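Engineer: Here is how the chains run, residue by residue.
There are 2 protein chains.
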Amino acid sequence: MADGSVYVPAKRLTEFMIGALVKMGVPREDAIIVADVLLASDLYGVRSHGIAHLKMYYDRIKAGLQLPVTHWVLVHETPTTAVMDGGNGMGMVAGYHAMKTAIGKARANGLGAVAVRNSSHYGVAGYYTRMAADEGMLGMSLSNAHPSVAPTFGSEPLLGTNPIAISAPSDEAFAFTFDAATSVVPRGRLEVAARNGETIPPGWVIGKDGSFPAESSRLIEEIDRGNAALLPLGGGGEQMGGHKGYGLAAAVEIFSAAFQNGAFLSELHDSDKSGNPQPSRIGHFFLAINIDHFLPQKQFRETTGKILRELRESGKIPGEEKIYTPGEKAYGNEVRVARDGVEIPPAVQKSLQALCDELNAPGLDLEF
Amino acid sequence: MADGSVYVPAKRLTEFMIGALVKMGVPREDAIIVADVLLASDLYGVRSHGIAHLKMYYDRIKAGLQLPVTHWVLVHETPTTAVMDGGNGMGMVAGYHAMKTAIGKARANGLGAVAVRNSSHYGVAGYYTRMAADEGMLGMSLSNAHPSVAPTFGSEPLLGTNPIAISAPSDEAFAFTFDAATSVVPRGRLEVAARNGETIPPGWVIGKDGSFPAESSRLIEEIDRGNAALLPLGGGGEQMGGHKGYGLAAAVEIFSAAFQNGAFLSELHDSDKSGNPQPSRIGHFFLAINIDHFLPQKQFRETTGKILRELRESGKIPGEEKIYTPGEKAYGNEVRVARDGVEIPPAVQKSLQALCDELNAPGLDLEF
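Protein sequence lines correspond, in order, to chains A and B. Under this note's numbering, the first residue of the first sequence is numbered 26, with each subsequent residue one higher. Under this note's numbering, the first residue of the second sequence is numbered 26, with each subsequent residue one higher.
FYI, nobody ran anything at the bench for these hints, they're computed from the structure. Treat the numbers as computed from the prediction; the structure is a model and nothing was measured. Errors might be hidden in some of the hints.
Copies of the same chain look alike in the list, so a pair counts if it fits in one copy or across any two.
[Said to hold, decoys possible] Using 30 Å as the maximum straight-line C-alpha spacing, the simulated DSBU-like pairs for lysine-lysine come out as follows: (1) Lys331 x Lys233; (2) Lys354 x Lys80; (3) Lys125 x Lys323; (4) Lys48 x Lys375; (5) Lys341 x Lys354; (6) Lys298 x Lys331; (7) Lys298 x Lys347; (8) Lys323 x Lys298; (9) Lys233 x Lys347.
Next comes chain A alone, as it looks inside the complex (with noise of 0.2 Å):
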């Protein structure tokens, strides 16, 4: 909790994003989705993807990297599968149309799989992992993003973080939901630390002679040069498993390209060799399996909610006194959200005053 936060409820938040996103060009039914997505992020306790993030979509726009209306479009169907354009306008709108696209698909015939092309950032993955929870099903979801990591032995960043998302439902408060990116740490944590003045432990970034650097302040321009790289889960080189997230991000890469003959790796990035803005060509695929095609749904909720008490009840080593299982966090997060409003640090509260000022919406006041 900084000093100077202030908290908003969420339903006020909510109105706030939808006018300021309307006022950005977003058609009303988009402004909603993105608005959602964006306070799921807050909800769930992952508030660099909030509405932190809101000035920087309006910056994207203004730079021409993404438009403000998505005329997303499916070019190929089958009953089980779809490739969609994102027509490049906003990531959450096309990836809510997506993981709908694939649940429909699941629901008639078992299993549905979406590749996206042509998007841009989406948010926060489990955001649409949950959408297929809700509907009773598994849901995956993955993404390749903006050139960070790079591969074991390598100093390059070229990898995104490229998240995996991946929800259940369960039989207690809240569905399993996993939801990680496959480096050590997101982009988003070094950000937290540059502005705390923290120095970072070693094996979370790279330089490119090969050792890690402890100081934070500017590291995420030092690998928007190319001089750094974020590491992948596991750390560097192979002893502690580095070559495994680096696996794991490489496969993201394919499923999030592969499928729909998209841009990857390098090509992912915001600008091209001659230093012209580029929008960014995201892709994203969405998997969604039908429970009910395998066993009755109680069963089902019944053995994840068993797995995760099993895990949440087994020994603890000394000192610790709670295991979480993954989604616990992120519910207790919503429920503490949903009573004292969502925090808002003065750094964001400055870059939504600016926003307002850009915008000329005098309407739009969170009354900070």
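Based on these hints, arrange chain B on the given structure of chain A.
Structural biologist: Then chain B, alone, in the frame of chain A:
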């Protein structure tokens, strides 16, 4: 290359394994599958899961933990999905037919997924995903396993080393294949360390007291007694992403058990709470994605190949000469073994000799 190793041509080794398996009571057509999975492991360079394991399967059959005849049956089936009961037989036979079923469904309907219950150790996970890649499909294979891995902040070995394997066809000589345990290292790596009298680095294993043991001798026994546990990919705690490896392992547990109302976590011990031996009841999950339902096969293969080549040719840290791509080391090993034969180190020669003696099979001779 251990002193005293012999090199046996792959064909000769396969004949030996089939002969031995038939002697163990495995029907000839099943023995052909089991021998092929074990040989593949030696070809890929995963020698812990190859012929080195043959005697372990015999020991398990003798102990009544699994049956030599695999009465697998599809207990539920739709055009895209199936649930298979593995009949507590040979995991490779169940796995082979389950992936074949998934591939058949994907050929007809775009996607195919098969959950398997009452199975046993199925060997190297990447065997099954390569089956899909050989048919021009993306394959995914997951399995739970004997409890060995502690959740983040936990000390109890509960999760299996729960492998994830993914293969995707490319335009290169080999398919992209990611195949890895979701722990930092597999159990086999500890056996190798113990055999060689090596110490292990902090972060591979956690003791009940929260310490990182360095001494590798008897560590597997300590894990099986619950006094230590393998750590998930990312290591202990959350700083290096240990919660991500844990989350992936938990997702694999759900995939492997929840779709077939199966056993999980502590239920997968070789003995029940009274110490009586019990079948392992391992579960698997197989997914096949028919690329032709998304776009022309050639485009997919080219994109995958380009991703692999860009990774391979990217900047290396000083002192490193090569960036490997997933599947590349296994392919290099295959080429080498096809030329030189499979290396059988002295310890494996001894276990095979003991197996031959027990099977009373004088015709089964590798002429060590």
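Engineer: What label fits Lys341 with Lys354 when the C-alpha limit is 30 Å: within, between, both, or neither?
Structural biologist: Result: close within a single copy only, 18 Å intra versus 38 Å inter.
Engineer: Is the C-alpha distance from Lys298 to Lys331 at most 30 Å within one copy, between copies, in both cases, or in neither?
Structural biologist: between (52 Å within a copy, 18 Å between copies)
Engineer: Reference check for the pair Lys48 and Lys375, CA-CA at most 30 Å: within, between, both, or neither?
Structural biologist: within (18 Å within a copy, 76 Å between copies)
Engineer: Classify it for me, Lys354 with Lys80: is the Cα-Cα distance of at most 30 Å met within a copy, between copies, both or neither?
Structural biologist: Answer is within: at 27 Å inside a copy they meet the 30 Å cutoff, but 45 Å across does not.
Engineer: Between the shortest in-copy and the shortest cross-copy C-alpha distance, which are at most 30 Å for Lys323 and Lys298: within, between, both, or neither?
Structural biologist: For Lys323 and Lys298, the Cα distance is within 30 Å only across copies (27 Å; inside one copy 54 Å).
Engineer: With 30 Å as the alpha-carbon cut-off, assign the pair Lys233 and Lys347 to within, between, both or neither.
Structural biologist: Cα proximity of Lys233 and Lys347: across copies only (15 Å, versus 39 Å in one copy).
Engineer: State whether the alpha carbon distance between Lys125 and Lys323 is at most 30 Å within one copy, between copies, both, or neither.
Structural biologist: For Lys125 and Lys323, both the intra-copy (23 Å) and inter-copy (28 Å) Cα distances are at most 30 Å.
Engineer: How do Lys298 and Lys347 come out at 30 Å by Cα distance, when the copy is not named: within, between, both, or neither?
Structural biologist: Result: close only across copies, 25 Å inter versus 49 Å intra.
Engineer: Could you figure out if Lys331 and Lys233 sit no more than 30 Å apart (CA to CA) within one copy, between two copies, both or neither?
Structural biologist: between (46 Å within a copy, 23 Å between copies)
Every hint, counting from the list given before, is met by this structure.
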